[in-house]
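Chains A and B, in that order, give the protein sequences. Counting in the working numbering, the first sequence runs from 93 upward without gaps. Counting in the working numbering, the second sequence runs from 93 upward without gaps.
No false leads were slipped in.
Put simply, identical chains are the same to the list, so a pair is met inside one copy or across any two.
Here are the simulated PhoX-like cross-link-like pairs (lysine-lysine), alpha carbons at most 20 Å apart as the crow flies: (1) Lys100 <-> Lys139; (2) Lys125 <-> Lys397; (3) Lys139 <-> Lys198; (4) Lys198 <-> Lys154; (5) Lys392 <-> Lys422; (6) Lys140 <-> Lys313; (7) Lys393 <-> Lys422; (8) Lys154 <-> Lys140; (9) Lys154 <-> Lys139.
Don't read these hints as lab results, they were simulated from the structure.
Protein chains: 2
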Amino acid sequence: MKKINLVKGMSEVLPAELKQYEYLSDMINDISKTYGYRRIKTPLLHKKEAVNDFGDNNFCFKDEEQEEICLRPSGSIPLIQTIVYNKLYLDPHLPLKFSYLDNIYKYYPSHIEGERETLEYGFECFGEDSSYLNAELILMATRILYFIGLDKVSVRMKNISKRSLSSLKGTLLKYKVDIEDDNSITNSDNLFSDFIFEIDVTYKNKKHLVAKGGGHTNIVKSLGNKNHQSVGFSFNIDKMVDLMNKLNLFPDMSDQFDFYVFSEDNSGLFSANFVSLLLRDVGLRVDVCYTGISEVEAIKKARRKNIPYAIIVGESFEENEEVEIINVFKDNKSNIRLEDLINGITHESEEKH
Amino acid sequence: MKKINLVKGMSEVLPAELKQYEYLSDMINDISKTYGYRRIKTPLLHKKEAVNDFGDNNFCFKDEEQEEICLRPSGSIPLIQTIVYNKLYLDPHLPLKFSYLDNIYKYYPSHIEGERETLEYGFECFGEDSSYLNAELILMATRILYFIGLDKVSVRMKNISKRSLSSLKGTLLKYKVDIEDDNSITNSDNLFSDFIFEIDVTYKNKKHLVAKGGGHTNIVKSLGNKNHQSVGFSFNIDKMVDLMNKLNLFPDMSDQFDFYVFSEDNSGLFSANFVSLLLRDVGLRVDVCYTGISEVEAIKKARRKNIPYAIIVGESFEENEEVEIINVFKDNKSNIRLEDLINGITHESEEKH
Numbered sequence: 093m094k095k096i097n098l099v100k101g102m103s104e105v106l107p108a109e110l111k112q113y114e115y116l117s118d119m120i121n122d123i124s125k126t127y128g129y130r131r132i133k134t135p136l137l138h139k140k141e142a143v144n145d146f147g148d149n150n151f152c153f154k155d156e157e158q159e160e161i162c163l164r165p166s167g168s169i170p171l172i173q174t175i176v177y178n179k180l181y182l183d184p185h186l187p188l189k190f191s192y193l194d195n196i197y198k199y200y201p202s203h204i205e206g207e208r209e210t211l212e213y214g215f216e217c218f219g220e221d222s223s224y225l226n227a228e229l230i231l232m233a234t235r236i237l238y239f240i241g242l243d244k245v246s247v248r249m250k251n252i253s254k255r256s257l258s259s260l261k262g263t264l265l266k267y268k269v270d271i272e273d274d275n276s277i278t279n280s281d282n283l284f285s286d287f288i289f290e291i292d293v294t295y296k297n298k299k300h301l302v303a304k305g306g307g308h309t310n311i312v313k314s315l316g317n318k319n320h321q322s323v324g325f326s327f328n329i330d331k332m333v334d335l336m337n338k339l340n341l342f343p344d345m346s347d348q349f350d351f352y353v354f355s356e357d358n359s360g361l362f363s364a365n366f367v368s369l370l371l372r373d374v375g376l377r378v379d380v381c382y383t384g385i386s387e388v389e390a391i392k393k394a395r396r397k398n399i400p401y402a403i404i405v406g407e408s409f410e411e412n413e414e415v416e417i418i419n420v421f422k423d424n425k426s427n428i429r430l431e432d433l434i435n436g437i438t439h440e441s442e443e444k445h
Numbered sequence: 093m094k095k096i097n098l099v100k101g102m103s104e105v106l107p108a109e110l111k112q113y114e115y116l117s118d119m120i121n122d123i124s125k126t127y128g129y130r131r132i133k134t135p136l137l138h139k140k141e142a143v144n145d146f147g148d149n150n151f152c153f154k155d156e157e158q159e160e161i162c163l164r165p166s167g168s169i170p171l172i173q174t175i176v177y178n179k180l181y182l183d184p185h186l187p188l189k190f191s192y193l194d195n196i197y198k199y200y201p202s203h204i205e206g207e208r209e210t211l212e213y214g215f216e217c218f219g220e221d222s223s224y225l226n227a228e229l230i231l232m233a234t235r236i237l238y239f240i241g242l243d244k245v246s247v248r249m250k251n252i253s254k255r256s257l258s259s260l261k262g263t264l265l266k267y268k269v270d271i272e273d274d275n276s277i278t279n280s281d282n283l284f285s286d287f288i289f290e291i292d293v294t295y296k297n298k299k300h301l302v303a304k305g306g307g308h309t310n311i312v313k314s315l316g317n318k319n320h321q322s323v324g325f326s327f328n329i330d331k332m333v334d335l336m337n338k339l340n341l342f343p344d345m346s347d348q349f350d351f352y353v354f355s356e357d358n359s360g361l362f363s364a365n366f367v368s369l370l371l372r373d374v375g376l377r378v379d380v381c382y383t384g385i386s387e388v389e390a391i392k393k394a395r396r397k398n399i400p401y402a403i404i405v406g407e408s409f410e411e412n413e414e415v416e417i418i419n420v421f422k423d424n425k426s427n428i429r430l431e432d433l434i435n436g437i438t439h440e441s442e443e444k445h
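For reference, chain A alone in the conformation it holds in the complex (with noise of 0.2 Å):
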């Protein structure tokens, strides 16, 4: 078999995985919705020129015209842009308050080692000066982890300006946010001005870095704005994943099939097809076998697949609409008309909400 490798640092996500990812984006979405924040889009290739100033190790390369690009290195970066290039800011209600989830981008040649590709969920809070803002972003990071049931959450900070951060401490210790100071904290990819803080979580006494953020306002100037000042910071969302479930955090979340409609043979397929079809159009999940199969035979596969029903579609369908319904794991059966179930279905998922 013709095996190419993936280029190093990519891989794909399988089902299972990603719907550990979208349990988590989805939670953090809701939450920060609450507090203000409305999802962006950052595009992905930017002009070398336009990052430079920010990041080791960026991704770059040039394309066909020899235009010199790169993939996103961060998100707060084409975020503050687009604020600022599209005036935003003239809004009359600042501060304005964007979220993203997209993933960045670094190289490492092949024999560095270095996460090329990371997801990172973050915020960004632009054209309020004020220490109860400061305050409120670390808190809502510090809920999500809470709510997510990361709950053992420590935050470091260190100054990099000649303000003080004491009204913002105070503003936290005041929420039982004790916040420690950390001169070792790194600006490496120079993202911060102001200040910077880092937030941990501690598993098995061990603090795993989920969050960095600060003050952007370096950013925002660098860009030609001198009037605004703007405060974010981000999720490592594979590292919280990956802390979720050595935690088991992520509830039951298998796509079990609720029928396997089958036709003991090729004649019926048909019907068996159609009956799938208008189980699938109330909202079931139905899986159909796609040639004639003996009933021992279905049963077996449906038990494996633990699917709970089997549908049986034969002439009673053709005669009177019926078909013959098996609770495979009891073995029992018995038949009712295809209108009646649905119905019963319909009305049941009605009753739900």
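Please build the complex by placing chain B on the supplied structure of chain A, with the hints as guidance.
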């Protein structure tokens, strides 16, 4: 202001538009789940040799180590590669049904027209050869379009193999899907073997191409697997969103705040922010004023932002945890204990579910 042009064909998606994309992809996801499709995320970067047999105008470049790399030129190729490389076809339950929602990239120099980035929602059904299965795939596409409201749908098809399509067409005709032969359909990216189909939506007497699919046995074979066949199609999400806007098919998705919380002087700001936090913790969308503001100003602001209720947090909050709640459009107010407000809201939302 330092304005750096964006890379051609790359742009940000602002919140109102992004929500439309999410609404549409959620609907497609919900419906395709009932057919057994499960979503995969395909890698962004591919070795040029892995994709070069398929597609003109692939977006290729050399990385810093002179390795030839391409941005994802299609969703179906990496998806089929994932299945073949990971030997997912050893699963006893064929066919495998996977979907993807990914951007695909093409390279057009700056003076040539063409979409560099397109969002595709694609489906791939791997490992079983049946005209019922092929019919189901096309039927699912038309059902999805019907449920979305794009219901003036027609399907065209071209045979590019020696096998007859009469059984597939006959099955579809039983479902009242009439297939028109169209030998003008192109296979420019060499993505299809067997057959190709295209689906149009008619709007204002003009047909708009929204989906393209067919047999991918050639891709499977190119990977050295001679025993399986794969069929698939993809929706062009950008075009569908465009048509849905023209036909007014999106519901109102404005994200209004529920409450505007403020205090009349700076000494009450901590309490105002604290109240906001508690309301957000029960799922309410809360906007808060980060500086002291008069009642008149606050009501004006809330009205402009279309927020129905304002909450004053003042001295009576310190004394007995009472806040004042203002109906900003009717201009009446009343006192309520915060606990009672939160309990009332929690109770109300429980009743809804």
